[in-house]
Amino acid sequence: MTGGRDSEAEVVVLDEHFDASTLHLLRERVAAGAAVAGMPEARAMDVILALHELAANAVRHGSGAGRLLMRAAAGVLRCQVSDAGQSTGPWPVQQGHGLWIVQTVADEFTTSCGPAGSQVTAMFGWRPEPQP
Amino acid sequence: MPVPSEDNVLAQSCAERVVIALPGEIDVTSSPRIRETLLAAISRRPSVVVADMTATTFCDSSGMGAIVYAYQQAVEVGTDLRVVIGHSAARRVFELQGVDTVIGIYPNLPAALG
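Just so you know, the sequences run in chain order A and B.
Mapping of the first sequence onto numbering that gives the first Met the number 0: position 38 corresponds to residue 37, and the numbering continues sequentially without gaps.
Mapping of the second sequence onto numbering that gives the first Met the number 0: position 66 corresponds to residue 65, and the numbering continues sequentially without gaps.
Isolated chain B (complex conformation):
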């Protein structure tokens, strides 16, 4: 694919859906990098960003904090941030905080992209 000009990037990204695969375990040691990765994707203003935690078997409060912060930034720029969580142990921290009732959480990637 040719490298698009800046205008093309903007035009393309309006219809774009970006999927970011997150690691198997998310905790204080990995959440700062995850936050930066999500924010970088959101800053290009695609229509949808999927934080794909299909492979994630553990997520702590710092990981959830990274997702929540990214969600707030996504709302500001009009991007729809969706979260895929495949394992109940990774989902637990979101449930305890009630975040799962605010952010769209999907059981698998096809559901999030459907």
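So here's chain A without its partners, still in its complex pose:
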């Protein structure tokens, strides 16, 4: 845990390895992490879907396993999905496919691939809900 340094401090809310057999569990953990970060439920729904699609891509088109790191700061979740396996090239962005969904719901989205595998970072922001 970091935090407390300044207003930009980020807190790790999830650091999880996954494979095909743990995608269901990963979705639950993402939901819990988004709730801890204070993300409204409707926005969290999109984040759960997007991060699941990234993990599913790593499972289907990458090495079959990967790691998700979620960091929270004020009103924003920064997420990184890495696939340590040998990459066959950048994942395709096609309508109906996982990356298209991520691109649609994320505020920022970058992909990189190199000898160490593929990595996707996605940023999801939200507006604070009015306090009762």
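Source of the hints: derived by calculation from the structure; they are not laboratory data.
Predicted model only: the values in this text are computed from it and were never measured.
Every residue, glycine too, gets a C-beta built ideally from N, C-alpha and C.
Warning: the hint list may mix true and false statements.
Partner residues are not named here, just some residues of chain B that face chain A (Cβ under 7 Å, in silico) [as the list claims (entries may be wrong)]:
#, residue
1, D26
2, V27
3, D59
4, S60
5, A88
6, R91
7, L95
Please build the complex by placing chain B on the supplied structure of chain A, with the hints as guidance.
What follows is chain B alone, placed relative to chain A:
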């Protein structure tokens, strides 16, 4: 019910409505089986097939892909494929893609069969 002859199956299935209950979570691990189940039902050419996602709380792009593919096959054989989605989280992937404006999506089973 007696086992009908092949001709009877065809005759019966013309008026038949088939409901297929889908699981609570639909993702890459379950969508191939769902696709096969829907296609098997559609291949018997009932008048209506309902993909019942009443209990489904999550559906990903592969699940939606299975439904869309089944829908295309249904259109080809003249079967009306209807989809029931009870939870907004399961509906989201259909909304993002605009699929909900093409395929008939119902909030519950009685509405889909009505």
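Hint numbers not upheld by this structure, sorted from lowest to highest:
Nothing - there is no hint that the structure violates, so all of them hold.
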